[in-house]
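Assemble the complex: chain A is given as a structure, and chain B must be docked to it using the hints.
Protein sequence lines, in the order shown, are assigned to chains A and B. If you use the numbering used here, the first sequence closes out at 465, no skipped numbers anywhere. If you use the numbering used here, the second sequence closes out at 465, no skipped numbers anywhere.
In case anyone wonders, no lab produced these hints; they're calculated from the structure. Keep in mind the model is a prediction, meaning the values are calculated, not measured. Treat each hint with caution, since some may be false.
Same chains, same names: a pair is fine if it fits in one copy or spans any two.
Stated by the list, open to error - Calculated cross-link-like contacts (lysine to any residue; reagent style SDA-like; alpha-carbon spacing at most 20 Å):
{"no.": "1", "residue 1": "Lys-441", "residue 2": "Gln-292"}
{"no.": "2", "residue 1": "Lys-441", "residue 2": "Ala-70"}
{"no.": "3", "residue 1": "Lys-378", "residue 2": "Val-209"}
{"no.": "4", "residue 1": "Lys-378", "residue 2": "Met-258"}
{"no.": "5", "residue 1": "Lys-441", "residue 2": "Pro-142"}
{"no.": "6", "residue 1": "Lys-441", "residue 2": "Pro-287"}
{"no.": "7", "residue 1": "Lys-441", "residue 2": "Arg-167"}
Protein chains: 2
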Amino acid sequence: MAAATVPGIDAARMQELLTSLSAFGRPAGGTFASGVSRVGYSDADIAGRRFVTSLLETAGARVRVDAAGNIFADRAGAEASLPPVLFGSHIDSVPNGGNFDGDLGSLAAVEILRVLQANRVVTRRPLTAVIWACEEATFAGASLNGSRAAAGNLLAGEMQHVSGGMVKAEAIRRIGGDPARIESALIARGAYHAYLELHIEQGGTLARDGMPVGIVDGIVAVDRYEAVVTGVANHAGTTPMADRQDALLAASEMALAVREVVRGEAGAQVGTVGHMEVSPNAANVIPGEVRMSIELRDLSEAKLERLMEKIRGRAAAIARESRTEIRLTHKVHNEAAAAAVEMQRAIGAAAGKLRLDTRHLPSGAGHDAQMMATLMPMGMIFVPSARGISHSPKELTSWADCANGANVLMESVLGLAG
Amino acid sequence: MAAATVPGIDAARMQELLTSLSAFGRPAGGTFASGVSRVGYSDADIAGRRFVTSLLETAGARVRVDAAGNIFADRAGAEASLPPVLFGSHIDSVPNGGNFDGDLGSLAAVEILRVLQANRVVTRRPLTAVIWACEEATFAGASLNGSRAAAGNLLAGEMQHVSGGMVKAEAIRRIGGDPARIESALIARGAYHAYLELHIEQGGTLARDGMPVGIVDGIVAVDRYEAVVTGVANHAGTTPMADRQDALLAASEMALAVREVVRGEAGAQVGTVGHMEVSPNAANVIPGEVRMSIELRDLSEAKLERLMEKIRGRAAAIARESRTEIRLTHKVHNEAAAAAVEMQRAIGAAAGKLRLDTRHLPSGAGHDAQMMATLMPMGMIFVPSARGISHSPKELTSWADCANGANVLMESVLGLAG
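Bound conformation, chain A alone (with noise of 0.2 Å):
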């Protein structure tokens, strides 16, 4: 059945959802506004989860949780033996978090399931839509809880990492799974036939420029490193300025260092220098030692070790200027995830059947579909961000660019679903 004869999204359907789901982690006497702590394996995860499986019961899908509490509402399709087309997105949020990230990839998987149930649409392929897991929540370091079992990336020892006092094993219990059993969560290739997802920029510049739909291209991949400085640890009042080796000057040229560098080249590459421990860490004691990290974000990963190469050198001048020891360890490498190309032309279809402006870009963002990409075909939609902020209640798309990108969603599954 052609999607054309299909109703669309409309804005205020996309706002009744998300305000009903916004209410499970919503702040004490808060409103929309205050944003939601929706943290992964908490209270208010499960609840929120519980809310979304009635959505998807509601819609006629049969619901189904994996072992690593991944839910999944399968839509059967004229063909029963093909491939299902995979499509969803993640309902946990960062601790004082907003109300997009996430909710809105996962809510219009769902209205999309409602809206054919009412129109009785029977697609080709079956359908299947899914909430991953956890996708914000951070066991020592890794997140995409959910979506990383299941594209087999759990690493040595994961169901016993700790965070929040809560091992992860226990966690995965309380929304559903079965840590025992987690290995059965792997989607074996060919299971599905595309893997879609619509999200949230979170990179301001769809909002700037006014354009409501963006495909992208990838995801990027990230390098992160430690750099530990060590310097001597000595009185700051006796010891005089040129006898210092002060670990944190180091670590500040540092930091500079790594901007410079990942600004000399042309691109859209990032650099950041995010968290910095400093020791002894007091007024009156110059500091003997840094830890520090070092993230650097791009589609090539050529150009990321070209960066860290640079930064290698300039760390290397440093240490010998203030006859400090600067150690690198690589520490994480997540690889770039491409976008299959036919994907970005499915999505570009249905945006153009919605007659909506598209423009390509990456993700400089960690999502679900990375892992997804390991998989069957990736394809990812972005709606605008106000101002880029995310992972804040201050996090906002309007309904209309909401409703925009649902409809594109639609499109695209019912364009690749046949």
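Only chain B this time, still in chain A's reference frame:
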């Protein structure tokens, strides 16, 4: 009686005394070289105080403890109505500290009483040796606990301050003081003739230049500021480099600006950024706020103000350039404490008698002596400290230098006591 008739203190005796005291608070299974954790008000401090008290009593002095826990040992003089000469130091240490900071001046004072008793010396003025309570221990940012009470510089509500889970009033009671009568620890002007303190330099200049004795000009003034740098916390992946308002980059520029301003003038002034707290302090979030300390020290308070004016100017420029806000708050001002010229002369004369070279120098570190300088003429004797290392088990002064310092102290005391 002339000092020339008194035999000197020898290196072996100083080694014996410092080694005996080092047992109180020594790490389990350690040696003298393992340093000491004789933290003020701790069990080790209390045991060390008992040991030193027994030495003072054996030396024939009358021992009393004031309401702040300071230990005084009085020795009669020929003219009982004259104010005594006061001399001493402290025996408490920082955690994981060394065996010379405070201990040397305290044990030299003890040994002087023993030598005078053994040789039946009667001075014209009475003498009082003092072991100041808990010079290093910090409650709510303030140390010099015993001498500060004696100088009447207690802070409002200080008896209720808490450190390491202990309320200060209770801590004082533990060492035999009386918090309810803490004001009785105040020393009246005129109660003593003068104050002398022997201490290791803590800077490395005497050791580097092979100079056995330092005559302290004064103890530097200290100004401590807090800088709060406020930027905008944002996603490290999605926020383009040009759009960032990164508080840590601005803070890094501030730290380097402090060094540049301080080194921009001739002189012995020092400036330190020793403390830095980054928020939210995550590798994948652009820092939104940094709190950092700025500490400046010099004998000249006018110079400190001039340097801070320059730092304020640099802060304004950095804030403008980085689109952050930088607020500077004055947190601590310790006045410079000049050593009395006649006391410097008395120390110089004593060293001359012992044929020891001397050099005048400021103290960059704080000492109990700075509190006494508000009440009476103050003089300080420094001896070399290897590489200027202090507040560390590696703190090291040769036994010969310890004996030289003790002898200069004794000659100075005898010179002043007549």
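How the hints compare with the structure:
In this homomeric assembly, Lys-441 and Gln-292 come within 20 Å of each other (Cα to Cα) only across copies, at 17 Å, whereas the closest approach inside a single copy is 43 Å. For a Cα distance limit of 20 Å, the shortest separation of Lys-441 from Ala-70 inside one copy, 16 Å, qualifies, whereas the shortest one across copies, 59 Å, does not. Proximity of Lys-378 and Val-209 under a CA criterion of 20 Å is satisfied intra-copy only: 18 Å inside one chain copy versus 39 Å between copies. Within a single copy, Lys-378 and Met-258 get their C-alpha atoms no closer than 36 Å, and across copies no closer than 49 Å, so neither meets the 20 Å cut-off.
When the C-alpha separation of Lys-441 and Pro-142 is checked against a cutoff of 20 Å, the pair qualifies only within one copy, where the shortest distance is 13 Å, while the shortest distance between copies is 45 Å. In this assembly of identical chains, the alpha carbons of Lys-441 and Pro-287 lie at most 20 Å apart only when taken from different copies (19 Å versus 48 Å within one copy). Taking the shortest Cα distances, Lys-441 and Arg-167 never come within 20 Å of each other, neither inside one copy (38 Å) nor across copies (81 Å).
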